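Please put together the full structure from these sequences, using the hints given.
The chain contents come next:
Number of protein chains: 6
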Amino acid sequence: MEKFSYLQPGKPAVFKDQFVAKVNECVVPYSEGEKGDVGLIGLPFSKTSISLSQASDAPRTIRSCLSGFSTFSGERDLDYEDVKIIDFGDVLTHPTDMEESITRLHLSVKEMIDKNVCERYIMLGGDHGVSYPSIRAFRESFGEIGVIQWDAHHDVRNLEDGGRTNGTPFRSLIEGGYLKGEHLVQIGIRDFANAKKYHEYTKEKGLSVYTMADVDMTGIVPIIKKELDRLSKLVDIIYLSVDMDVVDQAFAPGCPAIGPGGITSRELLSSISAAASHEKVKAMDIVEIDPSKDFRDITSRLAAAAMLRFMYVQ
Amino acid sequence: MEKFSYLQPGKPAVFKDQFVAKVNECVVPYSEGEKGDVGLIGLPFSKTSISLSQASDAPRTIRSCLSGFSTFSGERDLDYEDVKIIDFGDVLTHPTDMEESITRLHLSVKEMIDKNVCERYIMLGGDHGVSYPSIRAFRESFGEIGVIQWDAHHDVRNLEDGGRTNGTPFRSLIEGGYLKGEHLVQIGIRDFANAKKYHEYTKEKGLSVYTMADVDMTGIVPIIKKELDRLSKLVDIIYLSVDMDVVDQAFAPGCPAIGPGGITSRELLSSISAAASHEKVKAMDIVEIDPSKDFRDITSRLAAAAMLRFMYVQ
Amino acid sequence: MEKFSYLQPGKPAVFKDQFVAKVNECVVPYSEGEKGDVGLIGLPFSKTSISLSQASDAPRTIRSCLSGFSTFSGERDLDYEDVKIIDFGDVLTHPTDMEESITRLHLSVKEMIDKNVCERYIMLGGDHGVSYPSIRAFRESFGEIGVIQWDAHHDVRNLEDGGRTNGTPFRSLIEGGYLKGEHLVQIGIRDFANAKKYHEYTKEKGLSVYTMADVDMTGIVPIIKKELDRLSKLVDIIYLSVDMDVVDQAFAPGCPAIGPGGITSRELLSSISAAASHEKVKAMDIVEIDPSKDFRDITSRLAAAAMLRFMYVQ
Amino acid sequence: MEKFSYLQPGKPAVFKDQFVAKVNECVVPYSEGEKGDVGLIGLPFSKTSISLSQASDAPRTIRSCLSGFSTFSGERDLDYEDVKIIDFGDVLTHPTDMEESITRLHLSVKEMIDKNVCERYIMLGGDHGVSYPSIRAFRESFGEIGVIQWDAHHDVRNLEDGGRTNGTPFRSLIEGGYLKGEHLVQIGIRDFANAKKYHEYTKEKGLSVYTMADVDMTGIVPIIKKELDRLSKLVDIIYLSVDMDVVDQAFAPGCPAIGPGGITSRELLSSISAAASHEKVKAMDIVEIDPSKDFRDITSRLAAAAMLRFMYVQ
Amino acid sequence: MEKFSYLQPGKPAVFKDQFVAKVNECVVPYSEGEKGDVGLIGLPFSKTSISLSQASDAPRTIRSCLSGFSTFSGERDLDYEDVKIIDFGDVLTHPTDMEESITRLHLSVKEMIDKNVCERYIMLGGDHGVSYPSIRAFRESFGEIGVIQWDAHHDVRNLEDGGRTNGTPFRSLIEGGYLKGEHLVQIGIRDFANAKKYHEYTKEKGLSVYTMADVDMTGIVPIIKKELDRLSKLVDIIYLSVDMDVVDQAFAPGCPAIGPGGITSRELLSSISAAASHEKVKAMDIVEIDPSKDFRDITSRLAAAAMLRFMYVQ
Amino acid sequence: MEKFSYLQPGKPAVFKDQFVAKVNECVVPYSEGEKGDVGLIGLPFSKTSISLSQASDAPRTIRSCLSGFSTFSGERDLDYEDVKIIDFGDVLTHPTDMEESITRLHLSVKEMIDKNVCERYIMLGGDHGVSYPSIRAFRESFGEIGVIQWDAHHDVRNLEDGGRTNGTPFRSLIEGGYLKGEHLVQIGIRDFANAKKYHEYTKEKGLSVYTMADVDMTGIVPIIKKELDRLSKLVDIIYLSVDMDVVDQAFAPGCPAIGPGGITSRELLSSISAAASHEKVKAMDIVEIDPSKDFRDITSRLAAAAMLRFMYVQ
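Residue numbers (numbering that gives the first Met the number 0), protein chains in the order written: chain A, 0 to 313; chain B, 0 to 313; chain C, 0 to 313; chain D, 0 to 313; chain E, 0 to 313; chain F, 0 to 313.
Calculated directly from the structure, the hints in this document are not laboratory data.
Source: prediction; values computed, not measured.
Hints may contain errors.
One copy or any two copies: either way a pair holds, since identical chains are not told apart in the list.
Unchecked claim - Below, computed lysine to any residue pairings styled on SDA-like, alpha-carbon distance capped at 25 Å:
| no. | residue 1 | residue 2 |
| --- | --- | --- |
| 1 | K179 | R295 |
| 2 | K292 | H93 |
| 3 | K15 | G161 |
| 4 | K281 | R229 |
If you want it as structure tokens, here you go:
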């Protein structure tokens, strides 16, 4: 086939430095037989958010931010350009049937896992409600599961008042028998952002809860290391669930439920690096970014940086 | 009770010109026994929109724009400060159960009508999906109904693909037997904004459809007058359904589905004045404004002006 | 009275989790005989700002941010839902007569205090000029007063050049004999943000001044504790005056006079907690937020969090 | 003096096409003895606005928009590059003393007129309150004055409620004896934007009032021509007072009191051209643009275009 | 290959109404042997703009707006879903070598034409500078060329002052012998937006120039029809060059050189329809949209609507 | 000459506190014979940026931010109002000829130095490409040069792929023989922001490179001090090159290439203070701020604060 000189139909025209590998260049759509290192799936669903949210648009913006990063770590003097990311695409949800949409999310994560072509998986929300079908799918495929949750909120609301909203995923998982309370670690919980009843619920169920005061006193990395050590003896797989509103509103202005007094971007990145280095950590979701509320995609860019910390470990 | 000099607890501090009556001052919350002229209800629901929409926030912004208008018409030399608007509040919808929410909208409009304390009613959406429960409620209370719909789109999509979305209200009404095709008038339909199949559906069901080319050639007020004349012989009550995206994107930048080539703000206002002057016209809804996408509430302000044209007739 | 199913006329429709108490639900408008814990008053005045400011709109946005917080502290395992906040409303100022407006602010704070129904008071500005009438009112009612001022600026400009602007409140208080220099503590003063003449004035009058370099070296909480200890022996009441521009522009982008190199949001919150725990601290104002310049009400939200730290102490 | 190759200290570096004369290049600061065609003065004052306004910033943005226009009219085949505009600068107002500021505005316009070096004058507001001192100055210097006012509002509020606000200039002028009612023409007055009481005041005082319905029926240019003809027989000088909110919000989104149903940009420009061509028209003010609310300075750019229509006549 | 239930790797998840064909679904990337109706090419180049411009980003936004339109015209009762659009992609330009970039644009348009697989072509700029290489390519392939230019400006600046900027394309074409003056029609030229020297140049070279006053008096469609008639006797092919700043700033706020007093969106669309219906019209470019300055892609959406008017003719 | 009371033609009307000296008041345009302390020049050039950038507009915004700072340091109890800043203006670049523009930048910096009227110099970019002509000019005038570069990126890309872009300045300087590798210090280099090839280039050429991990472990001020000590023994002059994207995106949201995990504003200011106090440090450039992407000029304001730290040393 005769080619064009400066046109590549179907591809955008982008300046290319011959020596730079961008992370997005390592992402390939899944096709039968394709094997890779990290599986990526978009869970673009946020209609069950209590406050109206366009978090369903975040898989698009986070993916797009990957082109802002290269694959090379100077600190480790390591180039990760051979880490292949298999993109399974975004789940098609239903416009008006919420239960149907949750079923589709669950089924799609399972179908991805069943392909058995990757070592690790990244799920991009959506609101925090997507963690329920996602964690359930991993539980069903990999055995006993432990979860480390970065979050300002407990997310264990009752199910009577509003059904399965973005405030209920961990309640749903615990009540459903998919996750034991003592296998759930919550980090970054903020004062005046939760209710007494749910605080008591976490105690009753045996969750490990670390507030911002704990982060201030102990440091976030030591907390992670200690809990990884504990969890790894109890479970088969560890799943990271990152609600971006754990980050202070100055560093993550695009979350629906922003607030002051959260962790910094450096604390987020270093704690994810610490967690990702453990071999039982196999999956991570990143949720609660509403790109329509963000400034210059700052929050999606931070999420993309978090993905790199998860994907690029020795 | 001893009063304060410059404080009124529970009320905002607002400069008041003793001779100016603002429209918002004529709005009172409904209370048992209260009678008025115009009933106002908010239908803050847009989760069934095909594209994510915050149109559910529009009842708040439109109400708030009422304070930017006075009750006096210099052109008619008439002050409407005695037209009392009874505000029934906003319907509480369900966070995750869409069918339940539609049921609540229908029930609430009925409960408002059943109070029987007003002459005319204004429903503030929300997306266009709210017209289905709203028009159905009026049909059930007042008999045979005619509808004049300002819209760029037919809104008669099939129900299989996505359930009752904001693209289906008139399909739902016709199929449900609440509205006859020949009692539905559509004005402002735009080229390249609809599908052949739905165009054929409107023909088949006998709708009166006026495109932008018709508006250009005939003028919007003559079309309204002709159709009012026709409808009024066939129905007991006429309902105006105003999808703000009938207006050109320069004049209504806050609609989810903006586009060029629509009617101007003057055409909107004059056509509503023409319609509202007919005695069988008893109800109007205004839908599809997403305040989060607007500029300086321009679109909500236009909607408030449209309310005035509906409420203030001789 | 026959009620509606899903309508509450006069109230917005808001999703309610039965176990969550939001801070705004603890706010009640003042009515004769009503007693509470914290008195809240809006001083929506910023026409005397040197640069045009819409800080007068901040009482509205800060109040509105209260709905984003719950009453429960997990760190202390204490729920403050019984702390009642009495809202006295916003002072009605005069559109063109500045002196008259200052008089009204002073009178209104006095009238609030005279009701004698609360333990503590929060004044929401407005620009920093409102601290003059406010502190004066507290001085007149409670005796010798000490003030801790969070601020990048001294705010002791001369009165000849521009009258009582937002740059003069502490000059006015000292010259007027309402506040002794040695009873005024200034924290967070920034380099290249003040004039030599006013620096000398603070020395001459015996103020305790802590610059950002002091905050860096000593820590903000130790400074607060030391000064509380000193002040409490000298005065009858301590008043906190929080000019939000003490905070770095990344954390408080909505102040008129933003700048780099200020304190972080965590430093603000922890220092207010430290101050509020002292029993002689009875009043706090929060000033210099212009919501029209803010991003997603980040600065107002931080102000609301500061209110909580002031209100919710053992 | 040895020059630089590509530097001109004190001047911005701007690309220059040798054949294009920009309007801003025809503006020179006033200096003793300098004579010109059009005198330009900024009246940057809006603290007396009822709603907070940054209209005081408009002289800066409008001047800056002049660089977007050239001096050449292709339609008339005439280049106006020799029309010299003398810029007298902006009046320094007082930060807190409103009466003093109004006195300064009046004095400054008089001082400009007294230099007697221009044929015509342009005053850039500021809010509409500046027209009171400005028109008064022209009345005192030139004799009996007629005013054509482009406006959605009458601006004849009572003076008791709020003093001399931006809603009172024409009341102040009439009551002060500076302007006779029958010498005042108001064009573009909108329904539901004024009060009955003030409507009656305009009748009582004999104003010529044209509503938007009049503009629709008669056309704005014929109205202008008719009134110029009438006025010119009665007065010595005619002054144009252009409140930009006469323009529809889609064309002038930067006015504090925007609204739908106003005139278009073409109607504004053609009507000013028509008025400016009359020899008794000697002065024009342009008011009520708040650049902080505008989009891409669209409203200031329209104001600059209006200036050109006033300045560039045969 | 085993498929997923709700995932399509490599494609975004989009709700699909089975009866609606969107315009973007008719766009296919060029591949060897592929034949179609309309060829589409992006010329993402604006570094030669006199004022910094991100018009190079417009091909992306305009293409993306195509998904907002369907292929059906109700007015003609015709569905154009079989009109296939072949997308040749975007030309890769050089980051620092401007001449090289212009050469690449010219070469790429030629390579597209040489494939000889389409009837008509659309070029998406970029700034107006791209019309020089583009029109030149058409001239070289198709013979004598006529151009109808929608524009507020003549774009015939001299080449000495700044080289080949976005102000020189038609000068370059005329001087280069690619276009005869009498074969160039300019519509929408605005007063005070051009220089005398260039006005004279257009006269000297025999251009047909229509100002906004001409549009006002004669109507834009009659002008188009008259000039098509004239041109079609003189040339082999007619090329439409649409500089979006011909449109009033209220309807096209995303152009770098916005201004008041231009044509409306309806005038743009109807005039392009009129031109496109002529059989000699084979190519159109749309230039001077800077998406970073736009509001909600209003200007790109108008451009997409203009594409439809060009593509969908009987 | 008879003066005006409140007008100063040619100067903006600004409120002046008689005791406050603003930094901008210490800036005077260069004129023959004028001597000062700090020379200031604008290098408004960013057309060679790989991604489109309006960094060329930053000299204007940074200068304008100087009026937000006073000359007084309370921490040192020193007023710098006598430090005179000579403004040489902005270099006029060529619209389309990039090489010519680089030549002009180089020539202009040399012409400024040759005037020999200042002790220190500040260059305001523009993108980082301007450091190549600027540093070259200093090298040619002052002898062996050392450079401390604050940057997230190495900026040593190859020159074949895109010519002299903003990614190549230090490559150009090293290859051109103007700067030795061991005389270049890079601080703040970020992981996943550079390529392996360029990392190796920096090693090969002997650069001193400090990553964010180094900043975390060692602290930025100790690094600066150590390197100043080393460099000062090897070179005649030290030049600071500050690419603002070294700062975290939360503190510098206006850089084209923003990202998370960078230094804070306090780290930037303290490190510049530390560097500026060394006597061999004679020049600083500040680059890569695109004001069109910023929020409230936060990034330009931080740059202005950095200028103060450089200018105001004992």
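Checked hints:
1. In this homomeric assembly, K179 and R295 never come within 25 Å of each other (Cα to Cα): the closest approach is 39 Å inside a single copy and 37 Å across copies.
2. For the identical chains of this complex, K292 and H93 are neighbours both inside a copy (24 Å) and across copies (24 Å), given an alpha-carbon limit of 25 Å.
3. For the identical chains of this complex, K15 and G161 are inter-copy neighbours only, at 9 Å across copies versus 50 Å inside a copy, given an alpha-carbon limit of 25 Å.
4. Within a single copy, K281 and R229 get their C-alpha atoms as close as 17 Å, which meets the 25 Å cut-off; across copies the closest is 46 Å, which misses it.
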